[in-house]
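Each chain, letter by letter, is given below.
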Amino acid sequence: NAGVTQTPKFRILKIGQSMTLQCAQDMNHNYMYWYRQDPGMGLKLIYYSVGAGITDKGEVPNGYNVSRSTTEDFPLRLELAAPSQTSVYFCASSYGTSPTDTQYFGPGTRLTVL
Amino acid sequence: QQPVQSPQAVILREGEDAVINCSSSKALYSVHWYRQKHGEAPVFLMILLKGGEQKGHEKISASFNEKKQQSSLYLTASQLSYSGTYFCGTPDRGSTLGRLYFGRGTQLTVWP
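These protein sequence lines are chains A and B, in that order. Residue 15 in the working numbering sits at position 15 of the first sequence, and the numbers go up by one each step. Residue 1076 in the working numbering sits at position 76 of the second sequence, and the numbers go up by one each step.
Please note that a few of the clues may not be correct.
Restraint ranges, calculated between C-beta atoms of paired labels, are given here [claimed, not checked]: (1) B:Y1029 / A:L114: 35 to 45 Å; (2) B:Y1074 / A:G96: 26 to 36 Å; (3) A:Q17 / B:K1037: 22 to 32 Å.
Think about it this way: if two alpha-carbon atoms lie no more than 25 Å apart in a straight line, the pair counts; the simulated BS3-like pairs of lysine-lysine are [what the hints assert, rightly or not]: (4) A:K44 / A:K57; (5) A:K57 / A:K9; (6) B:K1050 / B:K1068; (7) A:K57 / B:K1068; (8) A:K57 / B:K1026; (9) A:K9 / A:K44; (10) B:K1050 / B:K1026; (11) B:K1068 / B:K1026; (12) A:K44 / B:K1026; (13) A:K9 / B:K1067; (14) B:K1050 / B:K1067; (15) B:K1026 / B:K1067.
Quick caveat, the hints were computed from the structure, so don't treat them as lab data. On a predicted model such as this, the values are computed, not experimentally measured, just so you know. Note that CB positions come from ideal geometry on N, CA and C, so glycine has one too.
Next comes chain A alone, as it looks inside the complex:
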């Protein structure tokens, strides 16, 4: 199993540009998550999904959109990139929602908006 994969690893955007961060998992997990990590701030949840076709907002959803057309893929879309979206983005997945279900993280995408 590859686990959770993310592409690209690094990206530089200009203000106002758009891009899609890709995330895929091959563990047949129902639950998938997008986090952003800023220095010293921990992980903040952007969006999450409980299955194909079902998504909802997390703590910091503004400026982002998601879709979940398959169990495996959970892309994150940035429209009109802003410097405040400079961050490291992690995708994660879990099998279920019991207190013992572990979240597995992808390697991250480091995004810089100039």
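Assemble chain B onto chain A, guided by the hints.
Frame of chain A; chain B shown alone:
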């Protein structure tokens, strides 16, 4: 609902011990611990459950104090490989959606 971690940073010599705490203002029924090395993704360490049961695979122990709404991670005889940032995550008890609230992290540096 973000848990509070302390201390923010720890510097140790190899072989020394460290304790990292994670506290919540809400009642806890589980605490998840992750370690993140610089430039890498967070990696699962263990889960502490209400009642004291631990599920993990590292040679690191932890405790869960339900009364204090706190979990502590114990790193004994630290090795260089223990360096990294440690995060605790607490589930949103009011949600069925499996989301975790993560603390800001504790940066651990182990020197030879």
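Evaluation of the provided hints:
| no. | hint | result |
| --- | --- | --- |
| 1 | B:Y1029 / A:L114: 35 to 45 Å | holds (44 Å) |
| 2 | B:Y1074 / A:G96: 26 to 36 Å | holds (28 Å) |
| 3 | A:Q17 / B:K1037: 22 to 32 Å | holds (31 Å) |
| 4 | A:K44 / A:K57 | holds (11 Å) |
| 5 | A:K57 / A:K9 | holds (24 Å) |
| 6 | B:K1050 / B:K1068 | holds (12 Å) |
| 7 | A:K57 / B:K1068 | violated (31 Å) |
| 8 | A:K57 / B:K1026 | holds (22 Å) |
| 9 | A:K9 / A:K44 | holds (19 Å) |
| 10 | B:K1050 / B:K1026 | holds (13 Å) |
| 11 | B:K1068 / B:K1026 | holds (10 Å) |
| 12 | A:K44 / B:K1026 | holds (18 Å) |
| 13 | A:K9 / B:K1067 | violated (43 Å) |
| 14 | B:K1050 / B:K1067 | holds (10 Å) |
| 15 | B:K1026 / B:K1067 | holds (11 Å) |
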